[in-house]
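Enquirer: Each chain, written out:
There are 2 protein chains.
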Amino acid sequence: MSDPTRIRDVRMRGFQERVDVACVLKMLDDRLQPLPHESIALHEAAGRVLAEDIISEIDIPPFNRAAMDGYALKGEETFGAGTYNPLEFAIVGEAYPGRACDVEVAPGQAVRIMTGAPMPKGADAVVPAELAEERQGKVAVVEAVPPGKHVGHIGEDIACGDVVLPAYRVLRPQDVAILAAIGAAPVRVIRRPVVNILVTGDELLPCGSKPTNHHIVDSNSVMLEALVRRDGGIPEKAPIIPDRVEAIREAIALTAGDVVLISGGSSVGKEDHAPRIIAKMGELAVHGVAMRPASPAGLGFLDRRPVFLLPGNPVSCLSAYDLFAGRAIRILGGRDRNLPYVAVTLPLARKIVSAVGRLDYVRVRISQGQVEPLATSGASILSSTTKADGFVLVPRDSEGKAEGDEVRVFLYDQPYAWSFKASGSPSENAML
Amino acid sequence: MSDPTRIRDVRMRGFQERVDVACVLKMLDDRLQPLPHESIALHEAAGRVLAEDIISEIDIPPFNRAAMDGYALKGEETFGAGTYNPLEFAIVGEAYPGRACDVEVAPGQAVRIMTGAPMPKGADAVVPAELAEERQGKVAVVEAVPPGKHVGHIGEDIACGDVVLPAYRVLRPQDVAILAAIGAAPVRVIRRPVVNILVTGDELLPCGSKPTNHHIVDSNSVMLEALVRRDGGIPEKAPIIPDRVEAIREAIALTAGDVVLISGGSSVGKEDHAPRIIAKMGELAVHGVAMRPASPAGLGFLDRRPVFLLPGNPVSCLSAYDLFAGRAIRILGGRDRNLPYVAVTLPLARKIVSAVGRLDYVRVRISQGQVEPLATSGASILSSTTKADGFVLVPRDSEGKAEGDEVRVFLYDQPYAWSFKASGSPSENAML
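So the sequence lines, in the order shown, correspond to chains A and B. For what it's worth, this note's numbering labels the leading residue of the first sequence as 78, then goes sequentially. For what it's worth, this note's numbering labels the leading residue of the second sequence as 78, then goes sequentially.
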């Protein structure tokens with residue numbers, strides 16, 4: 078627990094010194110690590126993070142099987158077959174998937190076989206149905222197939238002992254299919270962090286209300302819920318908390334999640350109680366960050382649970398979440414800790430002015446392959462984040478960027494409709 | 078209903094002619110359109126597709142409000158203030174968020190104000206707490222603030238009548254926040270398509286089983302479930318269907334979703350009943366597509382519900398889903414119909430051979446900025462899709478691609494850890 082007498086009261090005084098963004102990131106990286114494992118069913122596994130290397134205990138396929146519908150025979154015997162020289166084989170049986178085939182294929186014989194069926198003894202190749210004509214118990218083959226052709230061999234997909242998927246893999250749909258195929262169910266994944274979302278403010282009405290008089294509608298909690306889900310966390314939202322020390326302290330004491338987000342009450346106003354409460358209950362590690370917006374953001378710890386103080390202004394809330402809280406949630410969940418946005422590098426259409434000593438989060442639009450900073454950049458202008466295509470981070474040691482400078486834009490949307498060309502300019506991503 | 082006597086029985090004969098991929102895509106585009114709307118609560122809205130333009134009925138902010146914690150006063154009166162010339166104002170009241178402030182600020186006066194509080198009458202600017210020192214009922218201001226400074230003005234974020242978000246927008250977290258702020262709840266979105274997943278095969282054990290003897294574990298259904306969810310659909314999985322005409326017909330008749338996926342039984346084997354069943358129940362529009370893998374894929378319609386015949390081979394199933402079924406689900410859901418993968422254009426490390434007249438779906442790895450086709454490319458080799466970083470589509474009019482040719486790679490994973498540079502080569506995406 079921090080010594081409360083050593084916590085400088087910034088209320089109605091302002092911050093003396095702000096912490097560098099890089100220091101906050103380093104603190105998160107140093108102090109947080111992935112959560113323990115849990116076992117889940119395969120139909121819930123896509124998008125989850127694998128907790129351990131998966132080693133196959135079986136071969137796939139587990140037996141030699143037909144890779145085509147057609148006729149199983151000795152490949153060697155088809156040599157010389159052609160449209161003008163069809164070679165005939167006597168059909169001595171049928172092989173279906175899921176059933177053992179008892180027939181043994183002798184010279185001059187073939188077995189009618191379906192894709193996936195176990196190869197009958199004596200056969201080493203499959204003539205596809207397209208290259209054969211069946212008539213009166215015989216099949217005429219019009220093209221040679223070498224031994225081994227159109228046969229799926231034991232272990233050719235996965236061999237027993239293979240590391241099929243590595244730990245920390247974010248499971249793709251096809252990864253889950255492989256886990257099913259090798260019988261690796263249930264599967265051990267990293268537990269999803271539970272994230273408590275607390276919102277304070279006497280001026281706030283619950284999400285879903287109509288704004289009235291001097292009250293506005295809480296919009297941060299519903300945004301934070303969506304962001305937490307995007308980053309693999311499980312959001313748990315509490316009712317809106319009034320701006321009273323006891324109410325805030327009680328709400329924080331009731332949290333049981335892995336991460337706590339507190340929106341509002343983090344700044345230097347008279348009713349900004351959250352920082353001092355955190356300092357008294359645990360540790361207030363950071364209060365005031367060298368960035369714009371979101372400079373009143375803070376970071377504390379209750380035991381080892383990180384607590385993020387997110388400014389109530391919606392753009393500040395978004396940027397402080399993305400840079401700090403989201404990173405913590407991604408680390409705890411075993412995911413890539415970097416920003417979960419695709420980034421593209423493009424030239425600036427207009428200059429960006431920034432102050433040395435702080436990081437700027439600048440909302441931008443992309444137009445004709447150029448990056449245009451949005452004019453309205455106030456921390457309270459939420460529509461700047463809905464009109465923008467993404468954002469640029471101007472680092473603390475930069476005075477800004479000149480027109481024509483290449484900047485990296487983190488794109489808010491999944492840029493499915495775009496393709497990234499060698500020219501650097503995204504272009505329409507028609508499939509064909 | 079198609080005339081069943083006109084349906085050529087391809088079983089154990091093979092396809093005579095395969096339909097171009099582009100024709101199948103055009104058929105989907107021509108015949109499908111977004112589903113009707115539904116109303117949902119805001120906390121469910123992120124990632125959903127907006128059904129209509131959202132027009133704000135209010136101003137945001139709805140009143141002039143403080144944008145900083147500090148002191149509200151007449152900005153003009155601070156002109157000339159400086160560290161060596163602090164100007165004093167009498168504090169005549171306090172303004173808090175969510176409460177009306179009855180005090181009127183007269184010349185020489187100031188009101189202590191918190192971020193978000195309504196501006197008191199007579200005041201037109203806020204001096205931030207950092208630029209003021211409060212003592213004995215007075216506040217000394219050490220920097221001039223012009224009128225309007227640090228005040229959020231009525232409608233500066235959103236004006237009444239503004240189109241806040243356009244129809245067909247995939248809602249971002251911040252979009253949901255804006256909907257909350259303007260009181261636009263519930264919100265009308267496009268209904269998510271319900272997708273029935275049917276899997277046929279006597280050789281299949283249910284997902285979660287251990288493979289035994291000549292039985293393998295159904296892996297397609299769990300993969301398809303994940304793919305359907307990714308594309309915004311609601312998967313509904315039926316129990317595994319035996320390879321019997323009546324069982325398959327019955328399972329299809331029981332489907333009530335917007336899309337039906339049938340995995341297995343689509344090819345030219347003796348037990349591939351699904352195409353003829355679809356032809357009898359409705360319309361078999363396509364059977365056999367000029368692509369590799371997945372050439373036995375098919376497309377039918379039951380009334381206006383699309384039915385996709387997906388080959389049982391897992392790679393075929395994946396590629397036929399992605400190219401055709403996924404597109405249908407995305408169109409019905411009002412989403413971008415193109416492939417939901419980020420694409421990057423890079424040079425080939427080794428040539429890709431392809432046949433003119435068919436599209437090839439080639440799994441590739443990216444290594445040192447170059448694209449390497451995977452050697453194992455059989456349709457049954459599922460591990461090729463887990464080892465690959467993505468795939469290249471070689472169009473039907475191409476004989477392949479030479480070493481060094483630039484190709485477009487559709488990336489299986491969200492490439493968060495990469496940045497796309499003007500050089501075209503993805504690089505590490507460290508944030509700072």
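The set of hints was computed from the structure by calculation and includes no laboratory data. Do not take every clue at face value.
The list treats identical chains as one, so a pair stands whether inside a single copy or across any two.
Stated by the list, open to error - Below, in silico cross-link-like pairs of lysine-lysine (DSSO-like), each with a Cα-Cα straight-line distance of 30 angstroms or less:
id	residue 1	residue 2
1	Lys151	Lys198
2	Lys464	Lys198
3	Lys215	Lys464
4	Lys464	Lys357
5	Lys226	Lys287
6	Lys151	Lys428
7	Lys314	Lys151
8	Lys357	Lys103
9	Lys226	Lys464
10	Lys314	Lys464
11	Lys347	Lys215
12	Lys347	Lys198
13	Lys347	Lys151
Enquirer: Hint by hint, note whether the structure agrees.
Expert: Hints, verified against the model:
| no. | hint | in the structure |
| --- | --- | --- |
| 1 | Lys151 to Lys198 | within (10 angstroms within a copy, 97 angstroms between copies) |
| 2 | Lys464 to Lys198 | neither (67 angstroms within a copy, 33 angstroms between copies) |
| 3 | Lys215 to Lys464 | neither (70 angstroms within a copy, 42 angstroms between copies) |
| 4 | Lys464 to Lys357 | neither (40 angstroms within a copy, 50 angstroms between copies) |
| 5 | Lys226 to Lys287 | between (69 angstroms within a copy, 28 angstroms between copies) |
| 6 | Lys151 to Lys428 | neither (73 angstroms within a copy, 33 angstroms between copies) |
| 7 | Lys314 to Lys151 | neither (67 angstroms within a copy, 40 angstroms between copies) |
| 8 | Lys357 to Lys103 | within (24 angstroms within a copy, 65 angstroms between copies) |
| 9 | Lys226 to Lys464 | between (57 angstroms within a copy, 24 angstroms between copies) |
| 10 | Lys314 to Lys464 | within (27 angstroms within a copy, 39 angstroms between copies) |
| 11 | Lys347 to Lys215 | between (94 angstroms within a copy, 16 angstroms between copies) |
| 12 | Lys347 to Lys198 | between (85 angstroms within a copy, 21 angstroms between copies) |
| 13 | Lys347 to Lys151 | between (88 angstroms within a copy, 21 angstroms between copies) |
In this structure, the earlier hints numbered 2, 3, 4, 6 and 7 are contradicted, and the remaining ones agree with it.
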